[in-house]
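Engineer: In case you want the letters, here they are:
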Amino acid sequence: MSEERKKGAGTTTGEAFAVVGKSKPRLDALDKVTGKLKYLGDVEYAGILHGAVLRSPYPHALIKKIDVSRARALPGVITVMTADDIPGRNGFGAITPDQPVICKDKVRFVGDGVALVAAVDEKTAIKALGLINVDYEQLPAVFSPIEALRSGAPKVHESGNLITTSRIEKGDVEQGFATADVILERTYEVPFLEHVYLEPDVTVAVPSADGTMTVYGPMQALFTTRRNVAPVLGIPVNRVRCVGTTPGGGFGGKEDSAVDTAVRAAVLSWKTGKPVRLEYSREEIMLSTCKRHPMILTCKIGAKKDGTFVAFVGTVYNEQGAYASLGPVLPPAGGVHAHAVVMLAGPYEIPNVKVEGYLVYTNHPYGGAMRGFGAPQANFAHESLVDELADLLEMDPCELRMKNSFTLGSHTATGQVLDQSVGLRETMEEAGKAFGWDEKRKPIPDRKKAVEEEKRTGHGMAIGWYRTSIGTAADGVGANVHLLEDGSVIVYQGLVEMGQGMHTGIAQIAAEALGVALEDVRVVTPDTDSAPESGPTVGSRCLTLMGNAILIAAQQIKEPLMQSASELLETPVERLVARDRYIFDRDNPAKRLELKEAARRTMAMGRRMVGQGWYTPPKATLDPKTGQGSPYFVYSYATQMAEVEVDMRTGEVAVKKIASAFDIGKAINPMLLEGQIDGGIGMGLGYALMEKVILDEGVTQNLGLKDYLIPTSLDMPEITAAIIEKHNIHGPYGAKGIGEMPNIPTPAALNNAVANAIGSRIYEVPIDSEAVWKAIRGQKK
Amino acid sequence: MAKETVEFTVNGKGVSLEVEPGEMLVDVLRERLGLTGTKAGCREGECGVCSVIMNGALVAACLMPIKKAQGTAILTIEGLEANGELDSVQKRFIEHGAVQCGFCTPAMVLAGKALLDKNPRPTREEIQLAISGILCRCTGYQKIIKAIDAASQSGTRGEA
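So the protein lines, in turn, are chains A and B. Be aware that the first sequence starts at 1, since it is given in this note's numbering, and climbs by one per residue. Be aware that the second sequence starts at 1001, since it is given in this note's numbering, and climbs by one per residue.
Just chain A, with the same shape it has in the complex:
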């Protein structure tokens, strides 16, 4: 217990919390329901120029010549830039800068940027794009990761199409399979997916006389953006200021797309010496910004008759598309690819595991971060596979999972021992109770009779796991916490409130730790000129890691504050408790003073009023040869159970109910937590049933939201969510991550429910009516 206190908790441990664990309305709710909150697109800048990007119509071509003279001559055009006009490095990227700000010699996907325009208004800028003449020489292109690995395949980049191979090897899979009674091997395919954050991408870049460039935008990763803008302009990092505006959704996309718009707006601003706005239309976003990685995943599992898993082999062909974005391995275990490979064997204890993953360039749009970061793809594969294995074994799929799933002390595929905070089996129990699994679930019906019926109901489930971190050493976060003389508090930090509720959560942690009310804490909009380095707003890391940094900072302020209170109350510090704006004697609560009086004295005595917290999570390890190590320091766990109704004549799937349960450590704000669960399940439902970027010879066919469908209110069933709070010793008050966990098991849960209804299985998403109709009739899609 004392260990927990030291690591995680504030000073009120042992008592019920005053602020933490309460379903407080989010701090920005009032500004949002009244429409007063300003997104960047709502802010007017007088005299601002408007940028636009000329995009490649070809998936792979050499640029032979660009003639911009007619565009430059158009009245209202201030500048037209080509590759030679970039002042510094002509490349950007979240991990490796392989994407040109403006392409020089060749284009690698439909949507690649070949010229930039700044004009007095948007109309003129777009008109100017039409006046630029580019001579292209088309090159053979490659659109599949497997094709791209063949010898003689067109090279997307000079370095070759294979970006990286990742592997995990534990035990001896051959020996493992030799002991198996049942072996099942299947291949799964998942497509590119669009984030569909509702606020379009936009950046405003403003130059200053002192050579500083300020970039405003709905960035998910301010420091990544700063790290890219500086070298592109050829200036030191401290000459770039990134100011985060409230994102209207991000879901991983704005980790990358905000860098894209920022570097381009910044070079236009540098060239013209004027503020420049660069906003992408919905079609442009769908054409050119990062997507969820498509993957082809082959998995083979072996089990004993009693259901015990003995071996697993997986191969992943992970399509990166034209540019690296967040795909590559950032050692030891950062990047989408490493994560997908680590997750592929699922949350199961399997003694013999081998996984190989190939990350490959193609001439498609590129994969980046999207909620789940490689895990949803892996989950769809392992959870569809395990479910089908249950059919083969004639076992209940929940029982089979219960038998093999992680519990305290389990060894993962990377050999990591899960020595704390493992509540996966409890999530199965709780979801099962809420769903009525044991009563509802029936074995798969005989497919032959299927077409004769009009409608069938099916029940399916999936489980999942997700990390709370990014898997690299660069996972540290900083926070500056200021106590003011009236007892109010300001928090400066660099992680972004993009809707998930994280700023409210960290304000609750700060309020709890300092003994003030939630309303007394103001979390300042992230600004790299005032916020300490915090890394990106990703990886379900933010509340946990930043919460810890805030607790460290708060402790530095708390000591002098309590010293002041001790003097005023003439009571030893050890007996004092700060809570709800008062500091009181634990043994005699009537003996108290208002916290602000102690704050005033702290100030008057010249004592410390500023805390600086820096938190580095436990070290990530993963041997690049064997894939053995502890890549992420803690995991969250989930179970989802779904009831679907399938129209056997049309193949249409209606989701009737989803019961879920999550182990996410301490729920800092249960209401906002539920919001993450509801939204994640909604996103997972879209992945399962309707979403796919359709590409034909590298050209996106469904640009725009009338052709790329996401779930509406009519698609959503009622969702129940049980919360299991397995204390995380590395989390503030025991918390761990939730942001990405909820959408991960949904596609497989729905796929398994559909299989239970129709009696045959589908191996790709989306499981749309065509796929279901064909599966019912024994045809492939």
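Since the hints were derived computationally from the structure, they do not count as laboratory data. Don't take each hint at face value.
Stated by the list, open to error - Reference listing, derived: stretches of chain B covered by chain A, where coverage requires no fewer than 3 residues with Cβ under 8 Å from a Cβ of chain A:
hint	stretch
1	1027-1040
2	1046-1059
3	1080-1089
4	1098-1111
5	1138-1151
Positions of the beta carbon are idealized from the N, C-alpha and C atoms, including for glycine.
Model the placement of chain B on the given structure of chain A, informed by the hints.
Structural biologist: Coordinates of chain B only, in the frame set by chain A:
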């Protein structure tokens, strides 16, 4: 093409504007009247975040030529507070956690308001239908539906 004068009311106040043919209501609200609570997300009537109430009905302002606003009464999110007090739909959105990134929130609140003005006791299905023209990528619609239900006469009246 000649400019025309269009007259209508926004949030109870009369507006008279010279407009260009082809101007859309969303741009007039946002750029000429400064009512930026109305958002633009796709400009093709698919995402619905530009929804406002026109003569009592929810419309997508990005597909509404400004000339069609002639003589109408338009309500935007900025007009929902009365005497400094939030509308009950706004209050329930806050209490029930129906807000996340907030980009669809003004439209969703207005959709709830338009529904409840006509149908004070909607079923869950009627609420789902009433907001089905507006996309939300954050909430899975669950708490939005709950908040509108709570604001209705059949609802829990914010007991949560």
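Engineer: Now tell me if each hint is right for this structure.
Structural biologist: Right, here's what the structure says about each hint:
Counting residues of the stretch 1027-1040 of chain B whose CB lies closer than 8 Å to any CB of chain A gives 7, so the stated coverage by that chain holds, three being the minimum. With 3 residues carrying a beta carbon less than 8 Å from a beta carbon of chain A, the stretch 1046-1059 of chain B meets the three-residue requirement, and the given coverage holds. For the stretch 1080-1089 of chain B, the stated coverage by chain A is satisfied: 3 residues place a CB nearer than 8 Å to a CB of that chain, which reaches the threshold of 3. Evaluation of the coverage hint for the stretch 1098-1111 of chain B: fulfilled, as 9 residues show C-beta separations to chain A shorter than 8 Å, against a requirement of three.
Residues of the stretch 1138-1151 of chain B lying with their CB closer than 8 Å to a CB of chain A number 8, which satisfies the three-residue condition for coverage.
Hint compliance for this structure: no hint is broken.
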